[in-house]
Structures are given as C-alpha cells and as structure tokens.
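Student: Chain by chain, the residues run as shown.
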Amino acid sequence: MSTNPTTPTHPTPATDEAALRKALSSTSRPPPASAASAALTFGWRGMLKVKHVPEQLLDVTITPVMFVLMFTYLFGGAIAGSTGEYLDYILPGILVMSVLFTTVYSGVALNTDLTKGVVDRFRTLPIWRPAPLVGALLGDSVRYLVAGTVIIVLGLVLGFRPEAGVGGVLAALALVVVFAFGLSWVFTTMGLLLRSPNAVMNAGFMSIFPLTFLSNVFVDPETLPAGLEAFVDVNPISILATASRGLMEGTADAGDIAVVLATAAVLTAVFAPLTTHLYRTRS
Amino acid sequence: MRPSDGALTEPLSAPQPTLAIEATGLAKSFGETKAVDGVDLAVRRGSVYGVLGPNGAGKTTTIRMLATLLRPDAGSARVLGHDVVADADAVRGLVSLTGQSASVDEDLTGRENLILLGRLLGLKRDAVKTRATELLEGFGLVEAANRLVKHYSGGMRRRLDIAASLVVTPQLMFLDEPTSGLDPRSRNQVWDIIRALVAEGTTILLCTQYLDEADQLADGIAVIDHGKVIAEGTPGQLKASVGSGALHVRLLHPDQRPAAERVLSHELGSVQLEPDPAALSVSCADADRAAGALAELSRSGVGIADFSVGQPSLDEVFLALTGRPADEQTAEEAIADNQEQAA
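Respectively, the protein sequence lines represent chains A and B. Here the first sequence stands for residues 1 to 283, where the numbers follow our numbering. Here the second sequence stands for residues 1001 to 1343, where the numbers follow our numbering.
Hints are computed from structural coordinates only; laboratory data are not their basis. This one's a predicted model, so the numbers in the text were calculated from it and none came from an experiment. Some hints could be false.
As a list, the in silico DMTMM-like pairs of lysine to aspartate or glutamate whose alpha-carbon atoms are at most 20 Å apart [as the list claims (entries may be wrong)]:
(1) A/Lys-49 with B/Glu-1106
(2) A/Lys-116 with B/Glu-1106
(3) A/Lys-22 with B/Glu-1200
(4) A/Lys-22 with B/Glu-1134
(5) A/Lys-22 with B/Asp-1192
(6) A/Lys-49 with B/Glu-1137
(7) B/Lys-1228 with B/Asp-1107
(8) B/Lys-1150 with A/Asp-113
(9) A/Lys-49 with A/Asp-59
(10) B/Lys-1034 with B/Asp-1073
(11) B/Lys-1150 with B/Asp-1183
(12) B/Lys-1150 with B/Asp-1192
(13) B/Lys-1124 with B/Glu-1134
(14) A/Lys-22 with B/Glu-1137
(15) A/Lys-49 with A/Asp-120
(16) B/Lys-1129 with B/Glu-1143
(17) B/Lys-1150 with A/Glu-229
(18) A/Lys-51 with B/Glu-1106
(19) B/Lys-1150 with A/Glu-55
(20) A/Lys-116 with B/Asp-1192
(21) A/Lys-22 with B/Asp-1183
(22) A/Lys-51 with B/Asp-1107
(23) A/Lys-22 with B/Asp-1126
Build the full structure now, drawing on both the sequences and the hints.
Tutor: Take a look at the structure:
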C-alpha cells in the first residue's frame, strides 16, 4: 500500500531520468509504411531469424542433398539404365520436390508464430493486412532459392550438364520458386486452421508427399497403369517438373509454363485472402 | 457504424473529444462461457484507467476487443472517436498494445524489435535508428540491445515491450497486466515508466489483478468480475464505499500476534488476522484512537515492525463487493481464464 513505510517508492531508479523523458517525449506519427515496404520489412524479419539461427537452413540444404544422392545412385541404374542418364532426368524433378517440401515449413512457421504474443502487436498495427504473411513468404522464398541452388550445384558436381546453360537453369529455378510461393499459401492456410505446428507438419507432408510421388518427378509416367497415368499427367507438379526440364534443356513448352504460372496465380488468389482473413480473425 | 448508434452520438461531426474510450454493452462469449457480459466503460483522455479483477474476470477479452483484436458479439465501442469494428484501421493508427504475453519477437534482438516496428510504422531508415537508440537508452536496455530477447529477464522484456509500444507515440496505450510475474524492483521500474508516460499526456487503459497497482497508478477504476463491471469510481470512492478505514500492524515477531490481537481487540474491536503471520488489521477510522492502541501495544511489550492507518485496501474493497477475496478463482473462471489466455 502507498502508506506502507516498508515499500520504498524508488529503490533503484529504473533508468536515467533524462533519457527516459527524452524517449517518452512525443514523436510525430508518420504515415504508416506502404504495403510493399511493410511486406519487405517482414521479409527482413524472416532473414534476421535465419541470421540468428542459421541451423534452420539445414533442413533446406541437407535433405535435398540426401535426395539427389539417394535417387541417383540407388535407383538411377535400375530406372534409366545408368546413373548419368537418370541424373539428367531426375535433377530438375528433385529441384521441384525439395523446394515444394520446403513450402510446408512456411505453414509450420506461421503456426509457431501465432503462439507468440508478437502477432497481437502486428495485428494492431495500421499496416496492409496481408503484409506479415506476404513478408514471411518473401523471406521463405529466399530459403526456397537456397534449397534450389544446393540441388543445382550438387547436380553440376555429379556431372549434370543442362543444354540451356546458366540462363535455362536460372529460369527453371525462378519458375519453381514462383510456384512454391503460390503453393505455400495453401500451407499457411493450414497453419492457421490446425492447432499445433506438428499437426501442420503432418497434414502438410501427408498432402505434398503423395502429390509429389504421383508425378513425373521420378519416373516417366508411360510405364504407369492408365488411370494413374491420367492423374500424373494433369498433376500440376508434373507440369512444373516438365517445364523445369524443358527450361534447363532448352526445349520448354510455353503452354506448360503458362499452366504453372496460372496454377500459382490461382492458388495465391484463393488461399492468400483466406490466410489473411484467418490471420486477422483467429482469436 | 450500426444504425442504432446514430441516436447515441447525435452530432456526428462533433465526437466527444474528452473521452478516449466509450464502450457500451460489450459482450463476448467463448463457447458456453460468457467472458465479457455487457461492459460499459468511459475513459477520459489523459487519464489512467484501471480495469481491476481476478484472473478470468474478462479483462483481457475486454482489452482485446478495444484494441480491435476481437470482434464483440454485442455492444459497441469507440476508441478516440472511432468505432472499433467499422473503423478498426483508424483505431489501429492511434493506439498501441502491450499484451499479457510479451508482445515482442523473442527471436530478434531488442534493437531489431524496435527497428522492425519503427519501419512498419513508417519511420525512415535513419529516423528509425535514432528512435531505437533513444528508447534503448531511456529504458535502460543499451547493454542488452544486441542480445536476443529470449535471453532477457522478465523485467527487461517488459521494458522492451513498453518501449515497442512507444516507437511512435500512441494517443492511447493498452497495458495488459504490465507487472505480472515481475520482482518488486522491476515492478517499480515499470511503474516509474507508466507515471512518466502519464506525465507526457498519454491515456492508458491498465488491466491488472494487483490491487495496489491500480491504487498507485489509476485515476479511475472499474472493478470487473464474471465479465461485468461491478463497481466504478476513483480509488478513493471505491474505498469509501466499503466503509471505515483500518489500522494495519506488522509485528517484529509473529509469535507475538496472539498478544497483539488481545490488545487491539480490547482497544478497537474485532481484529482481522492477515495471511502474513506477523500482520493483523483492525477496523478503525479515527487516527487518534489508532495512536492510542499502538501506544498500548508497545507498553505491553509487542514489537512493531511497521504500521499504517488508511482507507481500506482494494483487497478489502473486492471482498466487500464480491463477497470473496480477489485471489480466489472458481473452477468456471479458471476455464474462462484459460480460454482467454488461448485467445
């Protein structure tokens, strides 16, 4: 109580009085950050986390390396006759798979973020509503680039020589990252609907795993039963893998690329507003 | 704005400038539990308004509705003249929130947290750095500036949290239990900061379950229980409504308490034993009679560590208003509280 003499009101001054006054003196309020600047700032936040905890890049670097080595040397001979030939076929496919697997982590990360008080603060800021989400995904896109680059460099070391050269490889990488950006909105929606990061991880991989394996990433679908082949042919992941192979070999089909870009656009158009709505209203 | 609001705020062009918060009939349920059940609030600009209640009373839910984080099921609220539902963005541009769980990013450093918010609030690159340094200096966080927040102590975290709310000066600040879990020294530091903030003219809505905190800081208090405001007024009014004041005595030796109890009950009447085994209090509005009783105590050889004569504490106010002490939580409230925490 205020009257209690045993409670000193100023045991130790919290802080330098003058500095505190200065810190508290009114600052004029500038107009809030623009949509783009807010999103980029959240992207910067994502990069800072990588800076402080670089270990989190392990999952996007080690897993792809394992996939390349395992598939090339374990199955390459059996599937394509020689590991060298199979590498040419599978490398663009593994690029697709590794980057798409990484998108699941976007949903996991968002779910983890929600358990923290800082999200409340973001939600009370006068900024473009999707900015925290778009920014996080921009940051994640850098992770996708890292994952993709690791695959390509490893492929080059193992003897992968794409016909279309550097330009083709970069184009394929860009296409995969754009598609991954679109797909990650599905997982951020999942991240907001499910209760725990683990649930997001499980549900995410339970959907992305079969979708990736039921595509032409690993094998030419011509050997498959007719029904399965039909599914594999329309699977957007197959089309993405075909387009990436095409870009790397200089034989890309504009139609495939258009389908990939359109799919990414549709996924974004449907799931980005859904994610944003859930993010704002989740209580 | 809903059409029914029109009647309440007749001259639309002249919103009441003296009120920072105006809430009518705010309600919010989580499933079966009515977390907030018709709360009315009127908070003057430039004041510190305390919302006082035990865990699960509905404080956090109320603050979250006012801060545009939760949509009320019923009722309406205007913050600084803007409807919290229809005009949420305008409200967001004027307020800042220091939530119950620290609203800072644990995976960044203190400085990075401030820079992040500064940029989002539209400060330019250089201005944001200057401002971050200013805040770190003002809040005694210079040495910890480049450490990750997850390694901060509770007090440092709270100070950073408040600093983060002030990167750009808000007109209204929501402080949700700013000192819960802090040691006395850190609590005093936070109180000093709040007092300094008020001196600068910021309006503060302070949710607390610490009665002395509301007493120390707030100009007006709403006591909230089971999602309803059960009493409202200045700290003085609330205490006066409960009746006479009391003499509180703390003894040097707890084993002398029975002796002290005999003396005091003889001098002044029915004695209350406090949870502290060395403390007791007795209802007494008259300072002279209290002095007499104290003299009698020392004559009979009872050592007194300290004493105070005062109006009833807010603990007593709460007991008088609800018929039970503030720290008792019913099972039902514990559930509501958990939901509130999860929310």
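Student: For each hint, tell me whether it holds in the structure or not.
Tutor: Here is what the structure says about each hint:
no.	hint	verdict
1	A/Lys-49 with B/Glu-1106	holds (10 Å)
2	A/Lys-116 with B/Glu-1106	holds (9 Å)
3	A/Lys-22 with B/Glu-1200	holds (11 Å)
4	A/Lys-22 with B/Glu-1134	holds (7 Å)
5	A/Lys-22 with B/Asp-1192	holds (14 Å)
6	A/Lys-49 with B/Glu-1137	violated (25 Å)
7	B/Lys-1228 with B/Asp-1107	violated (38 Å)
8	B/Lys-1150 with A/Asp-113	holds (14 Å)
9	A/Lys-49 with A/Asp-59	holds (15 Å)
10	B/Lys-1034 with B/Asp-1073	holds (10 Å)
11	B/Lys-1150 with B/Asp-1183	holds (18 Å)
12	B/Lys-1150 with B/Asp-1192	violated (24 Å)
13	B/Lys-1124 with B/Glu-1134	holds (15 Å)
14	A/Lys-22 with B/Glu-1137	holds (9 Å)
15	A/Lys-49 with A/Asp-120	holds (19 Å)
16	B/Lys-1129 with B/Glu-1143	holds (16 Å)
17	B/Lys-1150 with A/Glu-229	violated (51 Å)
18	A/Lys-51 with B/Glu-1106	holds (14 Å)
19	B/Lys-1150 with A/Glu-55	holds (17 Å)
20	A/Lys-116 with B/Asp-1192	violated (27 Å)
21	A/Lys-22 with B/Asp-1183	violated (26 Å)
22	A/Lys-51 with B/Asp-1107	holds (10 Å)
23	A/Lys-22 with B/Asp-1126	holds (18 Å)
Checked against the numbered hints given earlier, the structure breaks hints 6, 7, 12, 17, 20 and 21 and satisfies all the rest.
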